[in-house]
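Enquirer: Residues per chain, in single letters:
Protein chains: 2
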Amino acid sequence: MENRVTALLREKGFKVTPQRLAIYKVLANSKAHPSAENIFQQLQPYYPTMSLATVYKTVEILKEIGLIQVLNAGEDSFRYDADTSMHPHIRCLQCGRVDDLHDIDINTFIGQVAEKTPYRLTGQQFYFYGCCPVCQGKPAN
Amino acid sequence: MENRVTALLREKGFKVTPQRLAIYKVLANSKAHPSAENIFQQLQPYYPTMSLATVYKTVEILKEIGLIQVLNAGEDSFRYDADTSMHPHIRCLQCGRVDDLHDIDINTFIGQVAEKTPYRLTGQQFYFYGCCPVCQGKPAN
DNA sequence: TAATAACGAATAATAGTTATCTATTTATAT
DNA sequence: ATATAAATAGATAACTATTATTCGTTATTA
Ligand SMILES: [Mn+2]
Ligand SMILES: [Mn+2]
Ligand SMILES: [Zn+2]
Ligand SMILES: [Zn+2]
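Protein chains in written order, with this note's numbering: chain Z, 1 to 141; chain G, 1 to 141.
Honestly, I wouldn't trust all of these hints.
One copy or two, it doesn't matter: identical chains are merged, so the pair holds either way.
[To be verified] Simulated pairs of lysine to aspartate or glutamate, EDC-like, Cα-Cα distance not exceeding 20 Å:
| no. | residue 1 | residue 2 |
| --- | --- | --- |
| 1 | K116 | D105 |
| 2 | K116 | D99 |
| 3 | K63 | D83 |
| 4 | K57 | D76 |
| 5 | K116 | D103 |
| 6 | K15 | E37 |
| 7 | K116 | D100 |
| 8 | K57 | E11 |
| 9 | K25 | D76 |
| 10 | K25 | D83 |
| 11 | K15 | E115 |
| 12 | K15 | D83 |
| 13 | K25 | D99 |
Treat the hints as calculated values from the structure; they're not laboratory data.
Build out the structure end to end from the sequences listed, making use of the hints.
Expert: Structure (C-alpha cells):
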C-alpha cells in the first residue's frame, strides 16, 4: 500500500521521506477528513520534531500528484481526503464532523450542468449540511 | 427595493445605516459574488472612511437575517451573494471568476441524498470548477 | 429634543497558511 | 559502502483573512 505512494513520489521527482509516508498513512486510514492541525496532532507522539509547516507542504505535494483531494466545507480551514473518488460530503453543523456520502448518483447532475454551462468542466465539489445522527440523539444544548 | 432591507433590519433589531444599505446594494446589483475586500474597494470612493471591519460585520448581519448567502468556493476568502435561492456556482480556475448556474434541477439530487443519509439535512452548496468561455478563447499562457 | 442602545472607525489580536533559511537527509554515482 | 548533489525538515518569520475591543458618534423612540 505504501509502495504505490513511494513509487509515485519518486516518479514525480519528490523524495520519499518517513514524514510524507506517515502523513499519507494518516489520511489513508481515516474517514474523518482531518485538517492539517489534526494530522499534525495525530503524528505528534510518533514524530515529535515534525512541524506543522511540513504537514502543509506535504499535503500540497500529495494533492499535486493526485493522491489526495482537498475539501473546503465552509469552515475556517481545509480538510484532506485520501479517497480521491468524486463523492459528496456532509458536515454536521453542531459537532462539525464531516462524513462521506456514498452510493449517490452524481453523474446525472454533473451531465446536466455540463450541457448547460459554457464553461469547460474540470471538477466539482458537493457539500451538504445538517445534523448528524449522534447530535440528533442529543438534547439541543 | 431598499425598503425591504430597511424593514428587515429594523424588524430584527438592527439599526439602518447608510453603510449597511450600501453594502447590500453592492451585492444586490452584482452577479460577480464579491469578497469582503471587493465590496470594500467598490465602496471606497463613496464611503472613504468606511473600514473593512464594517464590511465583515455587515455581511455577517445580512447573512443572519437571510438577505444574503455566503459562498466558499475553495478560495482563501469568502464570497457573498444577494441571490439567496439555492443555485450551484462555477469558478474559473484560470481567471477566478465565479458564475451562477441557473436552470439546473437540483431537487432530484438533493432528494436522493436526503433518502440515503442518516443526517437531517438543512442545506447544501454545489461548486463546479472549470475554464470560462473568456479564458477558453485565450491562448493558454 | 433628550435618553439610550447600537454603531462605525481605528486598532489590535487571532488563526490558518505560506515563505525563508540552514542543517540534515535522500537519491544516485562511484 | 562512500561521496556528492539535490531536495527536504524543521524552525521561524511573514502574510492574509477574519474577528475582537475600544470609544466617540449616530439612529431610534418617546
Ligand atoms: Mn470523503
Ligand atoms: Mn450566485
Ligand atoms: Zn453532529
Ligand atoms: Zn476565466
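Enquirer: Please list, smallest to largest, the hint numbers that this structure does not respect.
Expert: 6, 9, 11 and 12
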